[in-house]
Amino acid sequence: MDHLGFIAAVYSVTFAVIAALVVRTVVQGRDLASKVADKDKPWT
Amino acid sequence: MDAQTFNARVATPTTRLVGALSIVSMAWVVLGGLFITPKDVNQGDAVRIMYVHVPTAWVAYLAFIVTAVASACWLLSRKHSMGFDRVAGASAEVGVIFMAMTLLSGSLWGRITWGSYWAWDPRLTTTAFLLVTYIGYLAVRGLGGSLEQRARRSAVIALLAVLEIPLVHFSVLMWRSLHQKASVLSGDGDIKMDGSMLTTLLVGVIGFTCTFAWLVMHRQRVLAMQDAMQMTQLDVALRERANESDDRVKGLK
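In order, the protein sequences belong to chains X and L. Residue 7 in our numbering is what sits at position 7 of the first sequence, and the numbering runs on without skipping anything. Residue 171 in our numbering is what sits at position 127 of the second sequence, and the numbering runs on without skipping anything.
Derived by calculation from the structure, the hints in this document are not laboratory data. Fair warning: there could be bad hints in the mix.
Claimed, not checked - Which bits of chain L does chain X cover? Going by a derived footprint, with three or more residues having C-beta under 8 Å, they are:
#1 71-80
#2 85-92
#3 177-184
#4 258-269
Positions of the beta carbon are idealized from the N, C-alpha and C atoms, including for glycine.
Can you build the whole structure from these sequences, using the hints too?
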């Protein structure tokens, strides 16, 4: 495959950023959900 | 006083389904984009970047449009539901990250194809301007004030900022641009693309859209809980201040 470094960089950065965003959102959500009462969480 | 319960779950069956769809389609994009699809006649292997670049650009546009629609709903609704404001904020946050990824992947593709990481081309310049605008939008959301003040000022900015999207999209038609014109949404319905390439691109668009939906749903719940905590802390501070002044009055008597 030509330009493998560029292509690998695009795929790895994109999916790493998305994964980091997902992990951050889940961790932050769980942390807050354990502190906020259920009445303030209409989805539960 | 009601007994408060603390359920630490943020996910729901809907978000789990959307998340599963995202994972499956992302796996398809990696496999299809890197190993299954053929080289392009003109671009060679650089076309593989398109399976990530096009969906991230699409999601960024979609995110900013969702921000504008949610902002308009907040302004027009009688109740001024803060849910609209939180969706607008969550969508803009995700949009900014996807727009930055679009510029990065486009820059690396440009280095291969044009020989340069950056050119002051109309599409690139207007896209960078759009990114800076929405970073400004997020900065305005972070300013102090009540939740309603935050919602009102950011809704106005969102409705102005979204006007840049047609400028970005049609910049390749309005000015002389290095950036290629739309290949799939060209308007004439004639798609000159191999079946596996088109399928991978469309699965990428669906997968990244599902990821966007998952992120916005979760993020707006996080924002809802942050707002709830802020209001609780405010209530506690007000109660403490009221008790202090009561104590002072008693002391004077």
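So, going through the hints one by one against the coordinates:
1. 71-80: holds (count 3)
2. 85-92: This one holds; 4 residues, not fewer than the three required, reach chain X with a Cβ under 8 Å.
3. 177-184: violated (count 0)
4. 258-269: holds (count 8)
Consistency note: the structure conflicts with earlier hint 3 alone.
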